[in-house]
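Novice: Work out the full structure, taking the sequences as your base and the hints as a guide.
Chains as they are written, first to last, in this note's numbering: chain A, 1159 to 1465; chain B, 1159 to 1465; chain C, 1159 to 1465.
A portion of the hints provided could be inaccurate.
When chains are identical, the list treats them as one kind, so a pair holds in a single copy or across two.
As the list claims (entries may be wrong) - The calculated DSS-like cross-link candidates involving lysine-lysine, where the alpha carbons are at most 27 Å apart (straight line), are:
no.: 1; residue 1: K1399; residue 2: K1262
no.: 2; residue 1: K1463; residue 2: K1197
no.: 3; residue 1: K1272; residue 2: K1408
no.: 4; residue 1: K1317; residue 2: K1408
no.: 5; residue 1: K1413; residue 2: K1386
no.: 6; residue 1: K1463; residue 2: K1413
no.: 7; residue 1: K1302; residue 2: K1408
For the record, the hints were derived by calculation from the structure and aren't laboratory data.
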Amino acid sequence: MRHLLNPLDFSVEEIDDLLALARDIENNLPRYAHVCDGKKLATLFYEPSTRTRLSFEAAMMNLGGNVLGFASADSSSAAKGESVGDTIRMISCYADICAMRHPKEGSAFVAAQKAQIPVINAGDGGHQHPTQTLTDLMTIRSLKGRLDNLTIGLCGDLKFGRTVHSLISAMVRYPGVKFVLISPPELRIPDSIREDILEANHIPFEEVGNLDDALGSLDVLYMTRVQKERFFNEEDYIRLKDCYILTRRKMKLAKPDMYILHPLPRVNEIAVEVDEDPRAAYFKQAQYGVYVRMALIMTLLEVEKPC
Amino acid sequence: MRHLLNPLDFSVEEIDDLLALARDIENNLPRYAHVCDGKKLATLFYEPSTRTRLSFEAAMMNLGGNVLGFASADSSSAAKGESVGDTIRMISCYADICAMRHPKEGSAFVAAQKAQIPVINAGDGGHQHPTQTLTDLMTIRSLKGRLDNLTIGLCGDLKFGRTVHSLISAMVRYPGVKFVLISPPELRIPDSIREDILEANHIPFEEVGNLDDALGSLDVLYMTRVQKERFFNEEDYIRLKDCYILTRRKMKLAKPDMYILHPLPRVNEIAVEVDEDPRAAYFKQAQYGVYVRMALIMTLLEVEKPC
Amino acid sequence: MRHLLNPLDFSVEEIDDLLALARDIENNLPRYAHVCDGKKLATLFYEPSTRTRLSFEAAMMNLGGNVLGFASADSSSAAKGESVGDTIRMISCYADICAMRHPKEGSAFVAAQKAQIPVINAGDGGHQHPTQTLTDLMTIRSLKGRLDNLTIGLCGDLKFGRTVHSLISAMVRYPGVKFVLISPPELRIPDSIREDILEANHIPFEEVGNLDDALGSLDVLYMTRVQKERFFNEEDYIRLKDCYILTRRKMKLAKPDMYILHPLPRVNEIAVEVDEDPRAAYFKQAQYGVYVRMALIMTLLEVEKPC
Chain A
1159 MRHLLNPLDF
1169 SVEEIDDLLA
1179 LARDIENNLP
1189 RYAHVCDGKK
1199 LATLFYEPST
1209 RTRLSFEAAM
1219 MNLGGNVLGF
1229 ASADSSSAAK
1239 GESVGDTIRM
1249 ISCYADICAM
1259 RHPKEGSAFV
1269 AAQKAQIPVI
1279 NAGDGGHQHP
1289 TQTLTDLMTI
1299 RSLKGRLDNL
1309 TIGLCGDLKF
1319 GRTVHSLISA
1329 MVRYPGVKFV
1339 LISPPELRIP
1349 DSIREDILEA
1359 NHIPFEEVGN
1369 LDDALGSLDV
1379 LYMTRVQKER
1389 FFNEEDYIRL
1399 KDCYILTRRK
1409 MKLAKPDMYI
1419 LHPLPRVNEI
1429 AVEVDEDPRA
1439 AYFKQAQYGV
1449 YVRMALIMTL
1459 LEVEKPC
Chain B
1159 MRHLLNPLDF
1169 SVEEIDDLLA
1179 LARDIENNLP
1189 RYAHVCDGKK
1199 LATLFYEPST
1209 RTRLSFEAAM
1219 MNLGGNVLGF
1229 ASADSSSAAK
1239 GESVGDTIRM
1249 ISCYADICAM
1259 RHPKEGSAFV
1269 AAQKAQIPVI
1279 NAGDGGHQHP
1289 TQTLTDLMTI
1299 RSLKGRLDNL
1309 TIGLCGDLKF
1319 GRTVHSLISA
1329 MVRYPGVKFV
1339 LISPPELRIP
1349 DSIREDILEA
1359 NHIPFEEVGN
1369 LDDALGSLDV
1379 LYMTRVQKER
1389 FFNEEDYIRL
1399 KDCYILTRRK
1409 MKLAKPDMYI
1419 LHPLPRVNEI
1429 AVEVDEDPRA
1439 AYFKQAQYGV
1449 YVRMALIMTL
1459 LEVEKPC
Chain C
1159 MRHLLNPLDF
1169 SVEEIDDLLA
1179 LARDIENNLP
1189 RYAHVCDGKK
1199 LATLFYEPST
1209 RTRLSFEAAM
1219 MNLGGNVLGF
1229 ASADSSSAAK
1239 GESVGDTIRM
1249 ISCYADICAM
1259 RHPKEGSAFV
1269 AAQKAQIPVI
1279 NAGDGGHQHP
1289 TQTLTDLMTI
1299 RSLKGRLDNL
1309 TIGLCGDLKF
1319 GRTVHSLISA
1329 MVRYPGVKFV
1339 LISPPELRIP
1349 DSIREDILEA
1359 NHIPFEEVGN
1369 LDDALGSLDV
1379 LYMTRVQKER
1389 FFNEEDYIRL
1399 KDCYILTRRK
1409 MKLAKPDMYI
1419 LHPLPRVNEI
1429 AVEVDEDPRA
1439 AYFKQAQYGV
1449 YVRMALIMTL
1459 LEVEKPC
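Specialist: Have a look at this one:
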């Protein structure tokens, strides 16, 4: 029995297979409508996340399966002091697979130790969120046709942005990938990523402070939110924030096939006017997220691809 | 692609068709058990409403479809500052149709601008609640056999009662309809309805302060709740409230085929003893609400009537 | 139409039939996958209980049915002042059967008076929780092969433990049953159970203060949580609590076929090390809970056993 706890749990080959399955699902959705008939997914969200939860639920329903679970810790046994290990033992009696989001780092790992069913980490604190990374990979591969030989810009809060760290860790496994890291000084990528992932793997990258200067060279731009509360003072925030807001004007500096990704939710870091740009891929990304989760559920449940 | 945002979005002919379909569903429920197989309804309730949410869910399940969503804003992305427009773009990737309740007027309209799927307004603040109006219309037509040539009493809080305003706006399109508006002075119908809807359409109506006096002339009595907090002072409330409580004694003054409707939930404005009266139609109304929502979902999804 | 409000609503013969059906379900699960196609279960949880709610939902889904409802009172019409009677009248329009948990004693009974569909009491305050009792009975019968001629130890909070009271009331109907009641003096079984159930039925029982002394004689040990807040003072709690914590060391005193049950959630009254003991049956119990609820739903809906 396998779990998905960390974006690197799957080898490059396994990710290739998963993305190929997701692509086949995208192209032949009705053929998958019953492959999980009679199966149940438990969505255990100790911390609310509408987007991720509904994406998993849509995925399971698209496969013909059922969904049960909880959307916040208030309505869970956690309030009565039950351990995650005990909860997952119980859930193993109720469902065939589960997706778990928990505010505490490592809790998906703890759950997997006790689970009798496959556990998907749907986010554990600031730690990991592997299905977001799989979604990002599928989006890049679908739109650019490849995962290698790409220059990827990552913009915004690179210090605390969990999705950014995971995406870098996943992409360094493909040849010819370069990164442009665009952030204010306060929110630069942490040393653990710069040294242990980028430098250790001899990956070319540059760190810049200005989005405008970087835009022209990128194949993919991955935007994230710059949160006011990350800044030491209001003046710094006001001075810096505009540099990290993507506008129609800025998009003129970008290549005609530079796609914009964003893990969502967005607040104001991409102007609404950009949504109409054909290079805006962040809503398409939400759609790919459903397909990749369908492929993941099938893979972990060892469900055969329909012929 | 069509939405249902306002009770008047459908013409009289379209409402006729919808109610005919709802009636056929009522009479042949099992034939509709699979017409929405593989379809998904998203219930987006930014404000809790058990009754409306479960009615939609029951409707979709009766058609063979699946349901996903959230029951309150706490467990939604709204807490992270996402706009309704962005949320609906995401939901369009997850579901085939959505029903949305939101405390802010006009939010269903905003959602519909961005949605790639049909949006049903399940209540936007004090503004509109069109599926309640469709339910009311189906109840009246089913029980009275017609929507024209009726004297309709509306009793209670006519000032703030959203369902009352919508029902009046919908009923003035049928010939021969008269209204008796029964309320304390503090809660009279607003000018916008009296002048722009009733007088502008030359609809006969009278405003009275006493339920007893009006009862004998009515074909339908639509009760609503009189909330204590609407009154200026406690004495007025105590003095007036009994006039607007329907009792078995009062029902003796009504015609033998005068049906009582209520949008529910009821607090004390209809005495429980009245529930046994065959003219009490408010629970039947809840049942009609499911059929009419089934018909609406089919209509907006352009699902064929089974043969 | 029947309801299940109290563990004693079913006769011994009816429980025999129900447990036989549950056992057949356990052994032939796929045969039951569609017996409730098109049926809907409403889960009305005015008080959160993940375990019980998800067990019901899994049960209904295993039978092919759908589930709708609410997980806490915040998202229910109760907040608008609706009575339980009115809510159940409405729910009767939406679902075929319902499971209701409510903090107030007797509320399931009130609901059943007004319901047009079978009501299952899923816990009403400290009062009754009959499906837990059915689960306990199925666990004992499955593991011990019988419900008669057993010595049953009940340990922990016997004063407030609803499940303990119900299990005693249910087990006294089988011949040859003896009880060993193990608790601190503060948490002894109430007189209502000691006198009206045990003594009135001439059931042999002893009350002891020490788990170690009792363990050797038991066929079944039913553990419950000893909550700190039940004690008059901290010193008493610290002095006493270790006597009521089951450890691997203590398990050496027990018979090789003495099964441990626990209604869960557990906090610390069973050491995690005991989970590996083959006599630990509390997670298996959660699995039996699903089968017995499947049997119950089928029985109340009068669904035929598949051939």
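Novice: Are the hints correct? Go through all of them and say.
Specialist: Results of checking the hints against the structure:
1. Neither within a single protomer nor between protomers do K1399 and K1262 lie at most 27 Å apart by alpha-carbon distance, with minima of 30 Å and 29 Å respectively.
2. In this homomeric assembly, K1463 and K1197 come within 27 Å of each other (Cα to Cα) both inside a single copy, at 15 Å, and across copies, at 21 Å.
3. Proximity of K1272 and K1408 under a CA criterion of 27 Å is satisfied inter-copy only: 23 Å between copies versus 50 Å inside one chain copy.
4. In this assembly of identical chains, K1317 and K1408 lie within 27 Å of each other by CA distance solely inside one copy; the values are 23 Å within and 51 Å between copies.
5. Neither within a single protomer nor between protomers do K1413 and K1386 lie at most 27 Å apart by alpha-carbon distance, with minima of 30 Å and 63 Å respectively.
6. Taking identical chains as interchangeable, the C-alpha atoms of K1463 and K1413 are never at most 27 Å apart, the minima being 38 Å within one chain and 49 Å between chains.
7. Taking CA atoms no more than 27 Å apart as the test, K1302 paired with K1408 passes inside one copy only; the shortest distance there is 21 Å, against 63 Å between copies.
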